[in-house]
Amino acid sequence: MIEVKNLTKSFDGKTILHDVSATFYTGKTNLIIGQSGSGKTVLMKSIVGLVRPEQGEILYDGRDYLKMNAEQVKAIRKEIGMLFQGSALFDSETVLGNVMFPLVMFSDMSHEEQLERANFCLSRVNLTGAENKYPSEISGGMQKRVAIARAIALNPRYLFCDEPNSGLDPKTSIVIDELLSDITHEYNITTIINTHDMNSVLGIGENIIFIEKGHRAWVGDKNRIFKTSNEALNDFVFATRLFQEVKDYIVNHGE
Amino acid sequence: MTNYCDKYIVLKSIVIVTFVVDFQLQNNMLLINSISQFGRYCLFMRRVFTIPDRWRVFLQRTLQEVSKLGVDSIPLVVIVSLFIGAVITIQMQLNISSPLIPAYSVGLATRDIVLLEFSNSILCLILAGKVGSNIASEIGTMRVTEQIDALDIMGVNSSNFLVLPKVVAFVLFMPVLVLLCMGTAFLGGLAVAWATDLISVTKYVYGLQAFFQEWYVWYALIKSLVFAYIIATVASFFGYYVKGGALEVGKASTNAVVSSSILILLFDVILTKLLLQ
Ligand SMILES: Nc1ncnc2c1ncn2[C@@H]1O[C@H](COP(=O)(O)OP(=O)(O)O)[C@@H](O)[C@H]1O
Ligand SMILES: [Mg+2]
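So the protein sequences, as listed, match chains A and B.
The opening position of the first sequence corresponds to residue 15 in my numbering, with each subsequent residue numbered one higher.
The opening position of the second sequence corresponds to residue 376 in my numbering, with each subsequent residue numbered one higher.
This is chain A alone, in the form it adopts within the complex:
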């Protein structure tokens, strides 16, 4: 479980996160949703420590992240896996090299064990046969899968995904969502996913935090999201033409 309490962050005098509090549960897919520019990435980067907030607390299963010394931070980071918006694969390494990387840097496994673990992770994300390709030679969806495989290589307790579906077609998006959801339940990970994709929200939204202009505006799950009276959230949910038309249809024809 990760608890965030009263997080405030500003850049150049402009406040991006206003006093945000949230709880992210273990073994669940926790979603942070909101429009582009609402502060999702800044919130996620604050939680993992890539951005230092001015105020607030971040508790990893009770351990206060912001009060830790360098050694403790390093230890926590070995429990964190992160999937970046642009995949952030190392260009100079092959697919296999990317997945091996955290193992080579931090595990005490023998080379054979590392290979075995890397191949297992690649097969877990249904990616075999591309081991020796470079990131620039594979598709966006495959890159995301390699990034997931790299993120889970060291058996993380916490998994962070910044817009895992951005730039993917709807079908591939669902595959990635389901993969993240499966991994979360299978290994009992605390997974936090940034998204503005309503498809994901409806598919895997077990615990949803809605961020609007840097404020936490709503908390709930996918079953409650249509029944909310929060205006901003309604705007967000029914922003796509498809949802708008379904809503109009229901309003006109009754349920």
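No wet-lab data here; the hints were simulated from the structure.
The beta carbon of each residue, even a glycine, is placed where N, CA and C say it ideally should be.
One or more of the hints may lead you astray.
List of simulated lysine-lysine pairs, DSBU-like, C-alpha gap at most 30 Å [claimed, not checked]: (1) A:K88 - B:K618; (2) B:K618 - A:K19; (3) B:K505 - A:K147; (4) A:K92 - A:K19; (5) B:K387 - B:K505; (6) A:K59 - A:K28; (7) A:K81 - B:K618.
Partner residues aside, some chain B positions facing chain A, computed with beta carbon under 10 Å [what the hints assert, rightly or not]: (8) R431; (9) Q439; (10) E513; (11) M517; (12) Q522; (13) A525; (14) I528; (15) M529.
Model the placement of chain B with the ligands on the given structure of chain A, informed by the hints.
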């Protein structure tokens, strides 16, 4: 000689100051005039010079960098040195052809120019363009594509992991490039002596050896080590702190080359004063 040296230093200082002032007016990113930038550079260096997480990985990466930054620069060094060596020889012949000066002076003057200035300062200015922009754009691209964040999140000290192998590799390989540069520059001069009737080969070769001061070679090597360190660290620094996208990576790489060139000129003056007087 001393008099000439003094004038040379004064002239060079003037050139640097005008360069700095001019550049400062257009661009406030300049490293040496910005205290806060310098402070950040020092903090960056403190993180770069720490014990690597894995020695085996560090050695592997250092070898890769030797090949990428050092060995790959050899063709450029050879071509430039060959031609400049030839040109210096021709110019010396034209400038000092007088019945009062012995003919072998051409070889002697060529040698001293190559040893004192060309094989280190000028060579490093050229390498700042090639190696500096290579380092800055590589690290800058890793920054804007979040690869550096990915390293940090894993708990890797990204500045140490990325930069230290480059600095170690380039500084270690620099003497090889300098010695290679000296050799090929003399060969360039020799080619001129052999192909034209400006000076005879024997006199040129005699000139190369006459009144030889070993210290000049050490002086060249010491300077080149400092310059190699400047190129590798300044370029890494500019790349590491890029914000934005591809455009900013390009700008950072230009800034890296300009700043390291200015620093090379500045340290050239300082080191010459310290080492030759
Ligand atoms: N490093 C930064 N410096 C200044 N402003 C930033 C920085 N990172 C993000 N911002 C600003 O914070 C706001 C929220 O950005 P972000 O968290 O990326 O939004 P999103 O919800 O789309 O992920 C944006 O207005 C952005 O301009
Ligand atoms: Mg974002």
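For the hint on Q522 (chain B), just tell me whether its beta-carbon gets within less than 10 Å of chain A.
-> 5 Å, holds
Quick one, are K81 (chain A) and K618 (chain B) close enough, alpha carbons at most 30 Å?
-> Holds - the C-alpha atoms of K618 (chain B) and K81 (chain A) are around 27 Å apart, at most 30 Å.
Hint status (Cβ of M529 (chain B) to nearest Cβ of chain A, threshold 10 Å) = OK, holds: M529 (chain B) within 10 Å of chain A, min 5 Å.
Restraint check for K59 (chain A) with K28 (chain A), where alpha carbons must lie at most 30 Å apart = 17 Å, holds
Within a Cα-Cα threshold of 30 Å, do K387 (chain B) and K505 (chain B) meet the stated pairing?
-> 23 Å, holds
Double-check M517 (chain B) for me: the hint is only fine if its C-beta lies closer than 10 Å to a C-beta in chain A.
-> 8 Å, holds
With a cut-off of 30 Å on the C-alpha distance, tell me whether K618 (chain B) and K19 (chain A) pass.
-> 29 Å, holds
Taking 30 Å as the top limit, are the C-alpha atoms of K92 (chain A) and K19 (chain A) close enough?
-> Since the Cα atoms of K92 (chain A) and K19 (chain A) sit roughly 23 Å apart, the hinted pair holds (cutoff 30 Å).
Assess, step by step, whether the Cα of K505 (chain B) is no farther than 30 Å from the Cα of K147 (chain A), and give holds or violated.
-> Roughly 28 Å separates the two Cα atoms, so the pair holds.
Tell me if R431 (chain B) is really an interface residue toward chain A, meaning its C-beta lies closer than 10 Å to one of theirs.
-> 9 Å, holds
Given A525 (chain B) was flagged as interface, is its beta-carbon under 10 Å from a beta-carbon of chain A?
-> Where the cut-off is 10 Å and the nearest Cβ of chain A is about 4 Å from A525 (chain B), the hint holds.
Restraint satisfaction for Q439 (chain B) [CB to CB of chain A, less than 10 Å] | Check passed: Cβ of Q439 (chain B) comes within 9 Å of chain A, closer than 10 Å.
Checked against the numbered hints given earlier, this structure breaks none of them.
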